[in-house]
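Asks: Please put together the full structure from these sequences, using the hints given.
If you read the sequences in order, they're chains Z and G.
If you read the first sequence in the numbering used here, its first letter stands for residue 1, the second for the next number, and so on.
If you read the second sequence in the numbering used here, its first letter stands for residue 1, the second for the next number, and so on.
Note that these hints are calculated values from the structure, not bench results.
From a predicted model like this one, the values you see are computed outputs, not experimental measurements.
Any given hint could turn out to be false.
To be verified - Just the calculated beta-carbon pair ranges, DEER-fashion: (1) G:R50 to Z:R5: 29 to 35 Å; (2) G:C281 to Z:P3: 33 to 39 Å; (3) Z:D122 to G:D72: 53 to 59 Å; (4) Z:A50 to G:P3: 37 to 43 Å.
All C-beta atoms in this analysis are idealised placements derived from N, C-alpha and C, irrespective of residue type, glycine included.
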Amino acid sequence: MQPLRSVRSKTVVLPLTNVDTDQIIPARFLTTTTKEGLGRQLFSDWRYRADGAPNPDFVLNRPEALGCEVLVAGRNFGCGSSREHAPWALLDYGIRAVISTEIADIFRGNALKNGLLPVTVDESTAAWLLAHPGAAVTVDLETSRLTLPTGVSIEFHIEAFARHCLLHGIDELGYLRSKLPEIERYEAMHAGP
Amino acid sequence: MAPSTLFEKIWKAHEVVPETAETPAVLYIDLHLVHEVTSPQAFSALRSLRLPVRRTDRTLATMDHSTPTLSDQVFGRVPIKVDAAARQVRQLEQNAAEFGMELFDLKDARRGIVHVISPELGASRPGMTIVCGDSHTSTHGAFGALAFGIGSTEVGHVLATQCLLQRKPKTFAVNVEGRLPPGVTAKDLILAIIGKIGVSGGTGHVFEYRGSTIRALSMEERMTVCNMSIEAGARAGMIAPDGTTYEYLQGRPRAPSGRDWDLAVARWAELKSDAGAVFDCSVAIDAGAIEPMITYGTNPGMVVPITASIPDSAGDAVADKALGYMGFRGGDAMLGKPVNTVFIGSCTNGRLEDLRAAATVLKGRKVAAGVHLLIVPGSQQVKRDAEAAGLAEIFKTAGADWRESGCSMCLGMNGDTVAPGQYSLSTSNRNFEGRQGAGARTLLASPLTAAASAVRGRITDPREML
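Replies: Take a look at the structure:
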């Protein structure tokens, strides 16, 4: 994985709470056996009309959303299914960071394993971001700070090991495999459940 | 020793390396369940690193999410209708053969929804850690196991090392006391709990369901409750094992037997939260006050007693969007609203007791004209049992569509979908927009409510028909 230090971008705002992974990528697109190319189907049922034409009212279809790499959403983003296709679809589309007051557990873990930054902020920061679509923000992983165009800078928390792996481009599986001697010792001591 | 919770005991027993400020714990996984939808990318990762599946004896694969439910397609008499699903099925067959994994394939008599077959086999047992690339893995917590859903990258981690990197979650006691009234089921209980806690109230926590109500539930009812823990944001939900658990497990194909059984039961008896154990959070639920529940919106927390009316959105844009999607208005009564499709099945309510409950309502009655009642057993074993018990005959006589097992219309991956704009009363777990098909409007309820509503063609209080 490529090291990831920061994301600087304008925001695109999805002012909805409890955005579930079925909305991010509907189940009918999970029949793929690869990770690639899911960006086209990101938010498919909101982004396209029944006839397949883009829905002009949906935020991602507005001209100002073009090139935005930071998605701001309401509380509890990424709830529901464990499908890793959700962060794959967001990344394939071009989103590199998601900001919300709360991000669902499984989605958060999946996002971190793919280099999509889950950024949790307080209510007032979230309210400001929701009210200012297109704000140019910096999500800096090295300092764990989110900087708003007003100059306000807020610290966010990303689990220490995931942060370390992202900053240095380390694959977590490599680390886990380095623990194989400990795993074998554990297995020798615990014959069966 | 300080008193500890059930969760803490299981966590501690599976720490290969404990967590530190810098690194998460290396947690040992006793059982890894694999299915066709979330595993292909994990096997590709293994292949590119030239790694084997490290413990094939702790890995169990089946196909359920995208599989057909029509017999001709299941048993190969005609091709699988959904091409991409057929490819996924073949891919899992190929991966299982290449990596030497046990696979319950389409024609296997033991096949079914992964969260139905593992308990059925006696493979899900107290004290275990169980994972699967599926958020409803929380189901297995009913046995006093720590069971949770993971993403595909983590599926690869477990295949390669039999371990996961995990931060220790917090604990949340869900205390339920009292007796569930007649006509009120485990499904109504968990919907009421989600309604109270909210869809993100459990984020970062593991639930332990406790109290007299939980102790009185059967294993299948406990599975229904634990299954929907994720719908309140909790990755896992668990129930301490007891006599009900042991009785369910004894004699199952993969449960220990003879002297091993006695030793196992002695070990399992320790698996409970100690008196004085401290939970990070707790909630108290009065079971006696619960009514049959039904959802009205687009997440499982938007739920009311069936006799209630829809809460006013009070100008909340998100609630307005949900009601708009559903075609409902605040103040509308739920009872009497028309339904087009009724789905009885899924890892939440696709077990034999669920089908028995539906049959008590459907016996001697007919499905209303114009309503499609789809009944999909959770496993081939459930199907055989339901047929042997005469339930399938009751369903067919009532006019229901009786199928082979699978996830089916819960998420519509296999082509079993609800048409745009149609109302589907479903015993599954998610009423998200488009969950059962683009534009489909889902109402979640119990098998009793589903059966009663299928008969009337309208949302019906099942207590009127018992």
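Asks: Where does the structure disagree with the numbered hints, that is, which hint numbers, in rising order?
Replies: Hint 4 is the one this structure does not satisfy, whereas the remaining hints hold.
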